[in-house]
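Trainee: As they're listed, the protein sequences go chains A and B. Mapped onto my numbering, the consecutive letters of the first sequence carry residue numbers 1 to 209. Mapped onto my numbering, the consecutive letters of the second sequence carry residue numbers 1 to 209.
In short, the hints are calculated from the structure, not lab data. Keep in mind that a hint or two might mislead.
Chain copies aren't distinguished; within one or between two, either way the pair holds.
[Unchecked claim] Here are the simulated lysine to any residue pairs, SDA-like style, with alpha carbons at most 20 Å apart: (1) Lys38 <-> Gly53; (2) Lys38 <-> Met119; (3) Lys38 <-> Gln150; (4) Lys38 <-> Arg82.
Number of protein chains: 2
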Amino acid sequence: MSISAARAELHRPTGRRPGENQTRHDILAAARAQFAQKGFAGATLRAIAQAAGVDTALIHHYFASKEGMFAAAIEESFDSGRFLTDVGDSPARIATSIVTRYFDLWESAESQQPLMAIMRSAIENDRARQILLNFMSNEIYDVLAPILGQDEARLRISFVGSQLLGAAMLRYIIRLEPLASMDCAQLVAVLSTTVERYIGEDLPSRPAA
Amino acid sequence: MSISAARAELHRPTGRRPGENQTRHDILAAARAQFAQKGFAGATLRAIAQAAGVDTALIHHYFASKEGMFAAAIEESFDSGRFLTDVGDSPARIATSIVTRYFDLWESAESQQPLMAIMRSAIENDRARQILLNFMSNEIYDVLAPILGQDEARLRISFVGSQLLGAAMLRYIIRLEPLASMDCAQLVAVLSTTVERYIGEDLPSRPAA
Chain A
1 MSISAARAEL
11 HRPTGRRPGE
21 NQTRHDILAA
31 ARAQFAQKGF
41 AGATLRAIAQ
51 AAGVDTALIH
61 HYFASKEGMF
71 AAAIEESFDS
81 GRFLTDVGDS
91 PARIATSIVT
101 RYFDLWESAE
111 SQQPLMAIMR
121 SAIENDRARQ
131 ILLNFMSNEI
141 YDVLAPILGQ
151 DEARLRISFV
161 GSQLLGAAML
171 RYIIRLEPLA
181 SMDCAQLVAV
191 LSTTVERYIG
201 EDLPSRPAA
Chain B
1 MSISAARAEL
11 HRPTGRRPGE
21 NQTRHDILAA
31 ARAQFAQKGF
41 AGATLRAIAQ
51 AAGVDTALIH
61 HYFASKEGMF
71 AAAIEESFDS
81 GRFLTDVGDS
91 PARIATSIVT
101 RYFDLWESAE
111 SQQPLMAIMR
121 SAIENDRARQ
131 ILLNFMSNEI
141 YDVLAPILGQ
151 DEARLRISFV
161 GSQLLGAAML
171 RYIIRLEPLA
181 SMDCAQLVAV
191 LSTTVERYIG
201 EDLPSRPAA
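From just these sequences and the hints, can you work out the full model?
Mentor: Structure follows, in structure tokens:
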């Protein structure tokens, strides 16, 4: 199944029997736990099925493949529909919305482990990296670029991504102090001003003399 | 051997026979290649010795352990002595020096693979992570904090680190476009203004109302 087919499946609204959504949710919870424990390469459909108490065939029915399941885990981890809804109408508001929501996800006990697993997997494994890139392109760029409505929207968004990725890596994975233990509200405040610059100000095009 | 002992060993200036430095250099080159290929966990002293054409005992003589060798590989990859020498005397100059030198290392064919290996290893392996943290604390914080000479120097440096780490991850490892292919001089210009802010301006202490 392609990524977009996996996404269509994810949002398929009709024709489900009661309990289907719950089963799909249980499988995805087991998948996120497996990815967190074993990484993308180490996770197996068989182990995920066993942990969810379902037959492997049911995983194929919902997600088609490990790739489809990883794409769904990324979507669920970032909750991208909600993540980029009503972000605001000025660079300052958009920046604060995005940075606050991003760290809400990282600070949440439920989503932190799966987010770490996604990052680690994308760094270690080329297929996982491609799936993450697809997600960023389809869910982040395509949704955010029209909101920003400026030249170089993709370039601006990739600078935002670089700062948010690096801050999460240092705080939650490398755990460099004082970043690792600092108050999250201050972290959000500092990074929001950086993100506001990336989406609202002119970007330097060459080194200052 | 502790990290500091490994560093003392690295800089030991006297009592060497001619050729010793070359041997040490050859071993370290083999080690960096092994870390790049296999990661910290997968690299073995035996394979490194074989690739360098030396006896494993010689590795113990120079580096004591895989940890000592990884610490030396980090030092050599970042070339930290040169990296933080004569960085300048204003936030703008310090920022431009650091960002330019950092991306010079990443763009260099010789150092890019070992840098990737260090990043990947620190993300995957807890001992490698600790060694990188020690390096950051001893070589980056301790050298840079007096140059910055400001309140919250460590906090400022960790924000700088978060931006530089995230940009390298997205450009060289995840390879997100347009960041991955953009002109490096423009990348350096944009990030230098961010780094200048982190080291020179007041950091917001709480979210804006």
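Trainee: So, for every hint listed, does it hold in this structure?
Mentor: We went through each hint and held it up to the structure:
no.	hint	verdict
1	Lys38 <-> Gly53	within (19 Å within a copy, 35 Å between copies)
2	Lys38 <-> Met119	both (13 Å within a copy, 19 Å between copies)
3	Lys38 <-> Gln150	neither (41 Å within a copy, 43 Å between copies)
4	Lys38 <-> Arg82	neither (28 Å within a copy, 39 Å between copies)
Violated hints for the displayed structure, listed by number in ascending order: 3, 4.
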